[in-house]
Amino acid sequence: MKDVVEITDLAVSFATDAGQVQAVDGVTLSVHPGEVLAVVGESGSGKTVTAKTILGLLPETARVRGAVVLSSKDGTTEGDVAQMSAARLRQVRGRDAAMVFQEPSTALNPVYPVGWQIIEGLRAHGRYTRAEARAEAIDVLRRVGIPDPEERIDHYPHQFSGGQKQRIVIAQALVLDPGVIVADEPTTALDVTVQAEILDLLRRCRDEFGAAVVLITHNMGVVADLADRVAVMYQGKLVEQADVRTLFSAPKEPYTQQLLAAVPRIGEGLARAHERAARRPEGWEEQAPVVRARDLRIVYPGRFRQPDFVAVDGVSLSIRPGEVLGLVGESGSGKTTIGRAMAGLTRVAGGSLEVLGVELRGVRERTFRPVRSKIGFVFQDPATSFNPLLTIAECVAEPLVVHGRAENAADARGRVDELLEAVQLPRAFGARFPHELSGGQRQRASLARALALDPELLIADEPTSALDVSVQARVLDLFDELHRELEFAALFISHDLAVVDMLADRIAVLHRGRLVEEGTGDQVLGSPREPYTQRLLASLPVPDPVEQAERRAQWQRLRGAGA
Amino acid sequence: MTTTVEQPAPETTSKGGGSLGRYIAVRALLIIPTVFILVTTVFVLMRTTGDPITASQGGRLPPEQLAERIHAAGYDRPILVQYWDYLTGILHGDFGTTLSDHRPVTEVLTTFGTATLELAIYALIVAFLLGIPLGRLAAFHRDKAPDAVLRVLAILAYATPVFFAGLMLKLVFSVWLNVLPVAGRASTRTELTLQKVDNPTGIYLVDALRTGDPAVIGDVLTHAVLPALTLGLLTAGVFLRLVRTNVISTFGAGYVEAARSRGVAERRLLRKHAYKPALIPIVTVIGLQIALLLGGAVLTETTFEWKGLGFQLAQYLQARDFVAVQGIVAVLAVIVAVTNFIVDIIAALIDPRVRY
Amino acid sequence: MADATELAPPTVRRSWWTRLPVVSQLRQSIGLQRGMLIAGLVLAAIFVLAAVFAPLLAPYGYSQLRDAAGTFGAQQPPSAEHLLGTTVGGYDVLSRVIWGSRTALLVIVVAVTASILVGVLLGLISGYFGGWLDRVLVMIADAIYAFPSLLLAIVLAIVISGGQSSMWGGIFAAALSITVIFIPQYLRVTRSEVIRIKSEAFVESARVIGAGHVRIMSRHVLRNSTRTLPLILTLNASEAILTLAGLGFLGFGIEPTAAAEWGYDLNKSLSDVTAGIWWTSIFPGLAIVLVVLGLTLVGESLNDLADPRLRKRAAGPEPVEDLGVELPAGQQEGEQR
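Chains as they are written, first to last, in full-length UniProt numbering: chain A, 1 to 563; chain B, 1 to 356; chain C, 1 to 337.
These are computed hints drawn from the structure, not numbers from a lab.
Heads up, some of the hints might be wrong.
Said to hold, decoys possible - Derived lysine to aspartate or glutamate pairs resembling EDC-like cross-links, with alpha carbons at most 20 Å apart:
id, chain 1, residue 1, chain 2, residue 2
1, A, K52, B, E266
2, B, K272, A, D154
3, A, K52, B, E257
4, B, K276, B, E257
5, C, K198, A, D154
6, C, K268, B, E266
7, C, K198, A, E365
Please put together the full structure from these sequences, using the hints given.
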């Protein structure tokens, strides 16, 4: 059968303040009917631009060369999207190719009911009576798994959960029975347990609706779970193309090899944890803990007499000197809140939280300030973690100046150079401004700042979640290296079980503000006791298509049991 | 004039998941401090200059007589006592009595308020009819010729002081072309006819329609054209810019691209997807334009001798009658606070996120 | 990692003047936006030049009624002696228009400076500390913001000058009454910026480090929250002129013997218009329109350029991650584009 999409020698460039920027360069790619083609790449690889080209959705500032031939599902019509008139483009959008977006909350118009938005797509492509269109919309909502579609069709987007919204966005795509669905990072904004459900639905798009799926993603686990064929992109170019098993088992290009090697896998951290445990002196376990939380409760007061929001409730945990505690949970689990409370950024409402010998419940800033010099903090977002008006050297020197170890930034320069060297940044970077560094470089500098005062406790709040996988791998390695050298205790917060596994001695799993399970990596990830942990673990796709197929079966059993 | 940098945050964004009923109640309670602040500000400002009697009569009366009058009016009492009197008066709807013509401010309000209301309605009609469709047009043809022309016109409408715009319209249509009357709300004959109407509403067009005399209706309408255009154009320019900016920014939203990816036509994307979400902040900001409109009304009325509150205010200012000024300004403060409340409720009603 | 310096993003340091506000935006702008910005800047420049060189440019003084040839006469149409005619009070229209720019500029400078100083300080404190002080300040600011600014200016003009009008008295009365109206605007804008900045990681980082409030506010928050000020400044400057003219038109302006003021001249020309005398009103009015137009064009263009949603062109690309990856041969030369 004929390919639904045939991209030939595609090149896309954008006009920016800094001149023309080449986003896609010489890409040739085709999508077969009824297959899932994953386009994989890190930020700046041009994968999203390539995907948007299929529907002709690029902004006016884009210049496109090459051909993107789109065929209808029955193969009767075809046309080059790059050359189409606006009217023709409108016809093929939705009918021949549909799109699923990264953020379901922005892809739905907040002021119209979801049914209205599905019917609008139907009516743009054919004549339907009101009743027919409504029946179609209800039907498709049911098929994507929205309960009570007869009633829910008239609800507004804000009345649905994130996962349900993504189902509705997929329903909007499916209702027109397109030949190809372009899914741009469809699960990136979702929690891992929801992600598994959406991936399952996308698989049904292929199996039950017969649509080809172009899956744009940076997540190799997602690729292993869903894709039939994989195209790897790097800096606007197509690096490698292969079917999924071949690519994972025998990647040809060095970039693909490195990318796959960089993906964290559960179980890798085990060896490291054992090694660390072996190095520890006798009696280590009896040392007084650096952090001790007992029945910790943290509450965000509600505004306008709304009920208070209990972010953390009844959590007890401790971190001993030199130990890394990994804190894992989905969004809203309270993991970040606990980290912020330890750094004195959020008030403790109940229970007890003792950090370096100071009780934080009801603590005064004056009492806590001396302790602050023994705490380092690495923030999640490298884009905002530095004052844009100060140089990197000034930012890194800030803790030294505040705690009187140096007169000013110039005075601290010697120590700053040492620190930059320790995080493997060239000294010359000290003179740069934050926006002149890449995300990974900024996160290293952030680590340098956190370590400036040689802290006893380091709190790292999702330090790598904004980074690409290969950069993440390097930052995690660096973290491990520094930890071995400096032996600080650390709280490592992440939503990614595999990342936590790489670094943590012990892992604590949070769910809706409560501690579900705690233990060593062996215990928690090897043989989880609690059903929530089991479900979390089973939902996490592993970057290996063969193993993932088995895990999927297991996940489906667990889901069946849970329902 | 609102800058487009920071759209005044509508209360609707912080409503959490509250019900509409509670939102209205909370919002209604907020009127009280707002009015209190404005009324107090006006009182404090006006009275730091001294007492109103010295201000209006000072130098014209011998000192003993002046002191006598001040005592009679109670302006020699401690300032806090006077403030308390003023506040309790306002609570009972008493905004004081003017010095120059000894009329209660509330009476001035009912006599002249209708004229201002009539003018404001005309102006709003002009502004809505011109500003909103043209704003959508400019957004649709963004950065092309029609947009450029409309934007410059909108800025011009804002840059022209109302009284200058009024003078120019007068010069062209009343003096040079001689097709429209120079000033006033109606010709003397019509004024006399309208006074004979039973229970006059004070809104001339309504009263004229009740007479059923085409000549009277025509006379009232021709008098209204220039003032309505003058004040309406100013507001239309503001509306145009607001609509344009908001529609353009919602036009870039994810859901518009999503609808485009389903093959929805561009014109419909603009009309349905971009316009309605843009409308919610627009309504709130339009509510704040009531201040601009009232300020403009004072100038427009003075220019066209349109005998409304603004015109009267200017008269009292000339007469240095600060009791009247203080009273009228306080009344306007209440009107502004209540209008903003109503507008916020309308914004909440069209936003499904608040309704449910 | 040894090769990081070579692979690091190219750091193009532009000369300092291109990074100034307005200049940098002028360089960013394209097409229609650029045209509007340039037109606005030209009008604004003419206005400032006229104000500075008024004594050289104006043929007569602003309160001059006669020259060697005798009195000018009232309401004289434009002629060789009086290019734009004379007013009902017998002043030379052209001279008053030129001198009027000086008054307007002084009012703008005083009003904008005073309101920025007070407004930014209050906004910083209000946004940074929050709590009841913040709530009270915001409520007052909102109340004043919603109120007709012209009416407030009238009240303030009465308070400040009692309707009196020496040149500086009049200028300060106008400027200060405008200041009071603008303070809430600066407070709101600065406050919302401060609240945004306050939750950014670099400020939290300073808190974790243990930096004091004063250090955080001055070193980290303040300088980062003044991004939108140039834009509000231009918009407020134009509003200042309109308010000054409105005050003048209602009779709270500056006496003609103290200084030239466009609003006052327009007030005096009210009856001229009915008599068909056009030159006394058109020229001062046009002066207002052109100056406000120029400043607003600058403000609008800055706004468009600052708001990513209104900009058509993206900023430059993000610095590239250094992955140390060898691209397959044959694809390398593509990089040297």
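Evaluated hints:
With a C-alpha separation of about 17 Å, the suggested pair A:K52 and B:E266 falls inside the 20 Å cut-off, and the hint holds. Under the criterion of a C-alpha separation no larger than 20 Å, the hint pairing B:K272 with A:D154 is consistent with the structure, at around 17 Å. For the given pair, A:K52 sits about 11 Å from B:E257 by alpha-carbon distance, which is consistent with the 20 Å threshold. Between the alpha carbons of B:K276 and B:E257 the distance comes to roughly 15 Å, so the proposed pair stays at or under 20 Å and holds.
For the hint pairing C:K198 with A:D154, the CA-to-CA distance comes to about 40 Å; that exceeds 20 Å, so the pair is violated. A threshold of 20 Å between alpha carbons decides the hint, and for C:K268 with B:E266 the separation of about 52 Å lies outside it, so the pair is violated. For the hint linking C:K198 to A:E365, the alpha-carbon distance of about 18 Å falls within 20 Å, and the restraint holds.
In terms of the numbered hints stated before, the structure departs from hints 5 and 6, listed from lowest to highest.
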